[in-house]
Amino acid sequence: MKLHRRQLLQTLGAGLLLPLLPGLSLSATGSAGQKRFVLVILRGAMDGLAAVPPYGDANLAGLRKQLLVGDGDLLKLDSFFALHPQLKEMHGMFQQKEMEVLHAVATPYRQRSHFDAQNVLETGLDHPDPNADGWLNNLAGRLPAADITAMAIGQSMPKVLQGHNKVGSWTPDALPTLEDDTLQRLRRLYAEDTFLGTQLEQGLQAQAMAGEQDMTGNGGKRTDFALLADTAAKFLAQDHGPSLAVLEVNGWDTHANQGSVNGLLAQKLGELDRGLAALRNGMGAWWTTTQVLVVTEFGRTAAMNGTNGTDHGTASVAFRLGGAQGGLQKPGSVITQWPGLASGSLLDGRDLRPTRDMRELFAAATTFMTS
Amino acid sequence: MTASLSTYVAGNKFGLGLRPGERQLIASDPRNWLRQQLKDIARVPAAFSNVEPSDKLVLEAVQGLRKLKQGVDAVQAGKASSNQQTSDARAQQLRQQVIDGEKSIRQAQREQLMARLQHSFATETPFAERLVRFWSNHFTVAEGGGVKRALRVIAVPYENEAIRTRLNGNFADLLLAVEQHPAMQIYLDNFQSIGGDSRANRNGKRGLNENLAREILELHTLGVDGGYTQQDVTTLARIITGWTVGGIGPNPRLQANPGRFLYVDVMHEPGTQRLLGNSYRDNGVDQGKQALRDLAQHPATARHIAVKLARHFVADQPPPAAIDKLETTFRDTHGHLPSVHAALIELDAAWDENNRKLKTPEELVISLGRGLNLGSVMQGNQRNKGALLIQALTTFGQTPFSAPSPAGWSDLAEFWGNPDALLKRIEFATAVAERIPPEREVLAIYADLLPQQPKLVVEISRAATTSQALALLVASPQFQWR
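Protein sequences, first through last, are from chains B and P.
With numbering that gives the first Met the number 0 applied, the first sequence covers 0 to 370.
With numbering that gives the first Met the number 0 applied, the second sequence covers 0 to 481.
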């Protein structure tokens with residue numbers, strides 16, 4: 000479905016008014032309680048050109064030769080787009096028409112600050128506003144009352160769920176495992192400290208050894224995201240479970256040593272892939288009426304930077320997954336008005352140009368849940 | 000050194016970590032900002048107004064223990080008793096009382112530690128608070144088994160009653176208040192030490208406990224190289240026999256001064272004693288008081304205290320000149336603490352940015368609480384966050400008042416900067432950053448707390464999320480030092 004900007008604002012704005020006008024009931028009718036919507040936010044800006052490379056675009060290789068995955072390793076979607084080889088489960092879902100890919104998508108925000116971009120993604124506004132409610136919080140207010148209509152699964156309550164309507168959360172007990180990305184940044188800082196730098200490196204070596212020992216025997220450890228996704232499914236796949244859930248995956252800010260078939264980004268993609276599979280499998284029969292939307296705050300530069308990575312860009316890719324009645328538009332296809340990667344086509348001469356407002360996807364989710 | 004750098008030293012090294020807005024208060028005259036804090040150092044802050052006095056808590060805790068013992072005895076007796084049912088019911092009843100008592104003790108302990116942590120987050124006289132903690136660590140007490148479980152609830156009152164209130168007087172008065180306080184008497188076993196030739200020991204079955212006497216010489220005054228012998232230890236132990244706590248034993252003669260220091264002459268070793276070349280005639284409790292006053296004035300004590308202070312306020316390996324300055328001040332003023340504390344401020348080496356100290360885990364948590372303005376974190380629906388910080392101290396192995404030995408906590412980088420501990424600090428930073436979202440931009444927080452290092456500025460501004468930015472700041476090497 001495709002909404003014009005005014006319709007979009009109406010759809011999103013209605014929820015915003017509700018808490019102020021309690022007498023004006025905009026509660027959904029019909030079978031809303033029988034559906035589930037899961038938002039997955041990839042924080043740090045996922046490189047859409049690496050996750051879903053447009054291998055048919057003649058300009059791609061010239062921009063980022065060292066980041067490219069060889070043709071034989073790509074998981075082809077059609078004659079132009081492919082998935083990164085780590086996205087095996089998602090490739091399977093695409094083939095079974097349980098996933099569609101939306102490329103060259105962005106919020107209306109055109110600067111390149113993570114914080115502001117995430118604010119825009121989560122409020123559904125066209126500019127950052129720290130005081131605005133999250134759009135999913137607004138949606139929660141429009142669904143039939145339940146014990147818990149919406150839930151954050153993870154360490155904190157994301158902005159997208161913050162607001163006037165009461166929402167729930169579930170936090171894993173253990174301390175979070177350290178993001179590799181955070182650790183890499185810290186190692187750079189500790190390298191400057193003569194005393195602490197050495198100590199940290201020793202600690203990491205010891206930890207790596209312990210980690211390898213843990214791996215033996217149980218066929219590789221499950222990543223945090225897979226665990227969270229599995230937990231989310233347990234909540235959602237109950238008759239009186241929440242209708243909305245938010246999951247977050249950090250660590251996509253691949254400024255250096257991004258890798259190609261293997262490497263930093265490949266690890267993150269593998270984690271995402273396993274988590275989405277865990278979610279689908281955990282939902283059981285509920286999967287039929289579930290929609291999962293995977294988005295990131297912006298994309299990355301089309302060209303590789305000087306440290307084998309990519310810097311902050313604009314458009315990226317979004318994934319929409321779900322069962323037969325999950326509200327997908329064209330399952331099993333890549334939905335895009337491809338802007339092209341020719342230097343004249345790039346936004347500001349550097350970024351993939353957006354051709355679709357990400358808020359169309361939010362509006363579609365809202366319609367899906369309230370119709 | 001620039002004025003702005005000395006502001007950071009005053010707030011972070013002498014204080015407990017800068018709070019937002021504090022830098023501006025300090026900037027015009029950092030040394031004066033520190034000096035002003037010494038004026039009111041001895042006043043117990045309002046944050047502790049709900050903490051009950053130690054005498055009441057000592058009695059409650061000990062009575063709870065007595066019930067526990069009765070419960071155990073009743074179970075034992077029940078096994079031999081013909082009336083099994085009655086004794087089982089009685090044992091059950093007592094056991095329940097014990098469980099309830101334990102709960103209330105743990106609850107009171109939690110409240111006290113929360114109040115103490117909260118005060119450290121909020122205090123406007125953080126240099127004074129650091130001094131209180133320095134001395135409280137110098138005169139460490141820690142909980143243990145048996146009657147030492149009482150220390151769970153009397154350690155915080157002890158810190159206020161015996162230490163804080165004495166910090167505008169002489170070291171000798173501080174020493175006396177500490178050694179006579181029930182917390183120290185119980186922690187180092189002196190309350191049950193009895194002179195071998197005392198009237199209380201006519202049957203010859205009991206006697207000396209040297210524990211407190213040894214630590215007074217080794218840790219509290221002269222120092223391990225202070226020139227005393229084993230004979231001096233034994234002699235000092237004899238001198239302070241009869242120093243005990245009223246109302247915690249079954250003996251009807253020991254019920255005066257309930258929960259407070261009590262001198263019991265019949266437990267005291269009679270006779271003149273010779274300690275470190277001085278003769279002390281037996282004039283009861285005054286024999287011990289005089290011995291402690293002389294120990295407080297001993298040159299070795301001045302040296303020992305000077306070394307510890309310099310190590311805490313200057314560097315792990317302080318320059319000899321700094322130690323000498325403190326030693327001289329201590330000796331010349333006969334241990335006048337305000338003079339010694341003021342001398343710290345005048346140590347140029349303390350202000351040298353090359354002389355830095357690794358924060359202990361507790362200092363890390365406190366500086367975080369101050370930097371993020373978490374003074375309210377321990378209250379109401381924010382308690383979970385406060386619990387996260389208290390729990391972190393346990394994870395780091397520095398639960399307050401649980402030092403592994405009477406020497407207290409080390410403040411050396413070698414002790415706290417081990418590889419695994421650093422990883423824990425980084426994990427802690429990540430957890431805090433995710434659960435306690437910052438109220439302001441992380442770069443602005445950084446500017447409030449520390450001199451700006453370009454590389455950290457870059458990493459923070461490049462962070463992918465606000466929580467990652469905060470984690471980078473809190474886990475950064477710069478934030479680990481003071």
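Keep in mind the hints are simulated off the structure, nothing from the lab.
A couple of the hints might just be wrong.
[Stated by the list, open to error] EDC-like cross-link-like pairs, simulated, lysine to aspartate or glutamate; straight-line CA separation at most 16 Å:
| no. | chain 1 | residue 1 | chain 2 | residue 2 |
| --- | --- | --- | --- | --- |
| 1 | P | Lys-147 | P | Asp-28 |
| 2 | B | Lys-64 | B | Glu-88 |
| 3 | P | Lys-454 | B | Glu-270 |
| 4 | B | Lys-165 | B | Asp-179 |
| 5 | P | Lys-454 | B | Glu-191 |
| 6 | P | Lys-324 | P | Glu-352 |
| 7 | B | Lys-87 | B | Glu-270 |
| 8 | P | Lys-423 | B | Asp-347 |
| 9 | P | Lys-423 | B | Asp-72 |
Keep in mind the model is a prediction, meaning the values are calculated, not measured.
Against the structure, the hints come out as follows:
1. Pair hint Lys-147(P) plus Asp-28(P) does not hold up; C-alpha atoms about 45 Å apart against a cutoff of 16 Å.
2. At most 16 Å may separate the alpha-carbon atoms for a hinted pair to count; Lys-64(B) and Glu-88(B) exceed this at roughly 26 Å.
3. With a C-alpha separation of about 30 Å, the suggested pairing of Lys-454(P) with Glu-270(B) is violated against the 16 Å cut-off.
4. At most 16 Å may separate the alpha-carbon atoms for a hinted pair to count; Lys-165(B) and Asp-179(B) exceed this at roughly 33 Å.
5. Among the hinted pairs, Lys-454(P) with Glu-191(B) is consistent with the structure: their alpha-carbon atoms are about 9 Å apart, no more than 16 Å.
6. In summary, the hint linking Lys-324(P) to Glu-352(P) is not supported, as the alpha carbons are separated by about 20 Å, beyond the 16 Å threshold.
7. With a C-alpha separation of about 11 Å, the suggested pairing of Lys-87(B) with Glu-270(B) holds against the 16 Å cut-off.
8. About 43 Å separates the Cα atoms of Lys-423(P) and Asp-347(B), which puts this hinted pair outside 16 Å; it is violated.
9. Our distance criterion of 16 Å between C-alpha atoms is broken by Lys-423(P) and Asp-72(B), whose separation comes to about 39 Å.
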